[in-house]
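Colleague: The listed protein sequences derive, respectively, from chains A and B.
This note's numbering applies: residue 1 is where the first sequence begins, and numbers increase by one.
This note's numbering applies: residue 343 is where the second sequence begins, and numbers increase by one.
Be aware that a few hints might be false.
[Said to hold, decoys possible] Here are the in silico distance ranges between beta carbons for each label pair:
1. N308/A with H484/B: 23 to 29 Å
2. D280/A with G557/B: 47 to 53 Å
3. D318/A with V491/B: 33 to 39 Å
Note that these hints are calculated values from the structure, not bench results.
Each residue gets a CB set at the ideal place from its N, CA and C atoms; glycine is no exception.
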Amino acid sequence: MSDVTQKGLIRDAGTAVDTFPDFRNLGVMTRALLWVNAAMLAVAVIKADTPGRFLALLLESAAYVEPVLVGTLVVLYLAQPLLSRVHVLAALGIVLTVEFMLNLAMYEIAAALGEDAGIAGLVRAWAFSVVMTLFLRAYFQLRARAFSPALAESRLQVLQARIRPHFLFNSLNAVLSLIRKDPKRAEGALEDLADLYRVLMADNRSLTSLKDEIDLTRRYLSLEQLRLGERLCVDWQLEQMPSDALIPPMLLQPLVENAVYHGIEPGLAPGVVRIAIARDGDRLSLMLSNPYHPDHQHRAGNRMALANIRERLMLQFDVEAKLEAKPVGAQFEIRITMPYRK
Amino acid sequence: MSAPLRILIIDDEAPARERMGELLADCAEECPHTIVGACANGLEGLAALSRDAADLVLVDIDMPQMSGMEFARHALNLPSPPAIVFVTAHDQYAVQAFEVNALDYLLKPVRATRLAATLAKVAKARGDTPPSRELLASIDPHPRRHLSVSERGRILLLPVSDILYLKAELKYVTLRTAQREHLIEESLAHLEQEFGEQFVRIHRNCLVARAAVRGFERVAEDEVEAGWAVLLEGSEEKLIISRRQWPVLKALAK
Numbered sequence: 001m002s003d004v005t006q007k008g009l010i011r012d013a014g015t016a017v018d019t020f021p022d023f024r025n026l027g028v029m030t031r032a033l034l035w036v037n038a039a040m041l042a043v044a045v046i047k048a049d050t051p052g053r054f055l056a057l058l059l060e061s062a063a064y065v066e067p068v069l070v071g072t073l074v075v076l077y078l079a080q081p082l083l084s085r086v087h088v089l090a091a092l093g094i095v096l097t098v099e100f101m102l103n104l105a106m107y108e109i110a111a112a113l114g115e116d117a118g119i120a121g122l123v124r125a126w127a128f129s130v131v132m133t134l135f136l137r138a139y140f141q142l143r144a145r146a147f148s149p150a151l152a153e154s155r156l157q158v159l160q161a162r163i164r165p166h167f168l169f170n171s172l173n174a175v176l177s178l179i180r181k182d183p184k185r186a187e188g189a190l191e192d193l194a195d196l197y198r199v200l201m202a203d204n205r206s207l208t209s210l211k212d213e214i215d216l217t218r219r220y221l222s223l224e225q226l227r228l229g230e231r232l233c234v235d236w237q238l239e240q241m242p243s244d245a246l247i248p249p250m251l252l253q254p255l256v257e258n259a260v261y262h263g264i265e266p267g268l269a270p271g272v273v274r275i276a277i278a279r280d281g282d283r284l285s286l287m288l289s290n291p292y293h294p295d296h297q298h299r300a301g302n303r304m305a306l307a308n309i310r311e312r313l314m315l316q317f318d319v320e321a322k323l324e325a326k327p328v329g330a331q332f333e334i335r336i337t338m339p340y341r342k
Numbered sequence: 343m344s345a346p347l348r349i350l351i352i353d354d355e356a357p358a359r360e361r362m363g364e365l366l367a368d369c370a371e372e373c374p375h376t377i378v379g380a381c382a383n384g385l386e387g388l389a390a391l392s393r394d395a396a397d398l399v400l401v402d403i404d405m406p407q408m409s410g411m412e413f414a415r416h417a418l419n420l421p422s423p424p425a426i427v428f429v430t431a432h433d434q435y436a437v438q439a440f441e442v443n444a445l446d447y448l449l450k451p452v453r454a455t456r457l458a459a460t461l462a463k464v465a466k467a468r469g470d471t472p473p474s475r476e477l478l479a480s481i482d483p484h485p486r487r488h489l490s491v492s493e494r495g496r497i498l499l500l501p502v503s504d505i506l507y508l509k510a511e512l513k514y515v516t517l518r519t520a521q522r523e524h525l526i527e528e529s530l531a532h533l534e535q536e537f538g539e540q541f542v543r544i545h546r547n548c549l550v551a552r553a554a555v556r557g558f559e560r561v562a563e564d565e566v567e568a569g570w571a572v573l574l575e576g577s578e579e580k581l582i583i584s585r586r587q588w589p590v591l592k593a594l595a596k
């Protein structure tokens with residue numbers, strides 16, 4: 001059991017490029033169908049000397065090729081669990097054997113219908129299958145190779161977005177500075193850090209209450225306050241807020257973190273992060289603003305956090321949620337409206 | 343036994359400065375030193391260096407107004423520049439550049455043992471030539487916000503946004519602000535590379551601040567042909583545009 005999971009993990013690491021394609025995936029199926037049909041079309045174009053002959057040739061070869069192609073794909077679909085477990089070359093051997101049998105069956109059927117193509121016809125048909133199979137194998141291998149670095153890269157980005165190294169190491173450093181002279185405060189700060197990371201690392205798919213999200217954000221802000229001291233001022237405007245509203249988790253905290261990173265840290269003078277949340281009928285609105293430093297836009301990460309939050313809002317509320325982010329005078333403002341759910 | 347190392351700490355976060363002070367106290371026995379100051383940003387740091395000389399500056403990279411990198415580039419203009427060790431919590435790009443160029447750096451949270459080793463290394467290398475300005479310029483990913491000149495042992499900072507034009511003359515570059523002129527020891531080609539967004543070349547030997555361009559005027563360049571000159575905001579001077587650069591500036595005028 002543990003062996004199986006380990007193998008799964010290793011395959012999951014995105015390094016194993018030379019694996020059998022997943023024939024239960026619609027994209028893989030479609031690509032195989034398209035390539036084989038394109039090749040068939042090409043052969044018909046080359047062989048045909050008149051337009052009328054082209055159609056006849058195409059129909060003739062389709063009658064032969066399509067059953068073999070579809071039959072092979074059905075077998076691949078059914079045998080996917082087996083094929084993905086054995087060695088790639090063994091899987092390839094199985095596929096070629098299946099294709100040979102299907103070709104043989106087609107040959108027998110054709111012969112029974114009085115269309116005997118002879119042994120040469122059978123060999124030609126099977127050769128076409130072999131060439132297409134090897135071509136598709138090379139194609140899928142190249143494709144996997146082309147996409148796997150991108151996959152690894154995007155996983156790394158997701159991971160880094162969660163761990164937030166800049167914040168983590170600076171916070172740890174601030175806590176270290178407290179340990180000798182104010183151990184109580186250091187304890188509190190480490191507890192906040194633990195709480196924050198527990199949520200960061202959690203599977204954040206179900207909705208959370210607005211109250212919990214605000215508690216989390218307060219914990220985060222107390223850590224930032226430790227580092228930045230009086231440079232960070234926070235203005236909460238929550239009088240009109242319905243605490244029972246349900247929102248996607250990690251919606252507010254990353255936005256506030258952005259506000260601190262882009263609005264407070266680059267400034268010499270103290271700055272204000274303003275957070276206003278209110279209910280407006282059946283809508284919930286969030287407004288966040290921070291000082292805008294246009295010459296500090298090189299700080300990375302802003303777009304990604306915003307894109308991620310927009311995506312999650314879309315996923316949850318589709319077109320009913322809206323996120324706007326833009327500079328307004330000397331402030332950078334983010335406005336979100338979404339349905340009020342409880 | 344040599345004199346104790348004089349150390350200046352620069353970090354925009356107060357707890358980080360305190361922590362560094364504590365760690366330095368921990369290594370005091372192994373490596374005798376005195377802390378000459380703790381500053382909250384690069385500007386304060388340069389002012390402190392003008393008052394009290396230091397042998398070593400421990401400087402955070404990510405700071406408001408002036409990054410640690412820019413601070414280092416200005417500090418090198420001092421008659422006897424201090425050794426500089428960069429401190430960072432997380433900056434993969436910078437760390438890679440430090441490794442490649444064998445520059446000293448510390449990662450936050452800093453360990454006392456690592457700090458002691460760095461201090462020992464700096465104490466041993468005291469008086470060695472510091473890294474060149476070109477090297478620091480090549481690893482600094484952002485243009486500076488100030489240019490600096492050394493005047494009587496002090497660093498004079500000139501905000502890039504105050505500069506009207508930069509003109510190459512023999513070994514130096516003349517830097518003109520609305521108030522006065524300064525000579526800086528940098529190459530016009532490097533300046534153009536670094537400040538290409540803010541400045542435009544009007545002549546083989548001259549870069550003009552885009553924001554300072556008030557307009558253009560036709561002037562008699564020589565007896566044969568008439569040319570164009572740039573009119574500047576806040577100055578009566580007219581700067582001749584070379585025929586080669588005129589199309590570039592004409593496009594800007596639109």
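Colleague: Compare the structure with each hint and give your call.
Modeller: Hint-by-hint comparison with the structure:
| no. | hint | verdict |
| --- | --- | --- |
| 1 | N308/A with H484/B: 23 to 29 Å | holds, 26 Å |
| 2 | D280/A with G557/B: 47 to 53 Å | holds, 51 Å |
| 3 | D318/A with V491/B: 33 to 39 Å | violated, 60 Å |
Hint check: a violation occurs at hint 3 only; the rest are consistent with the structure.
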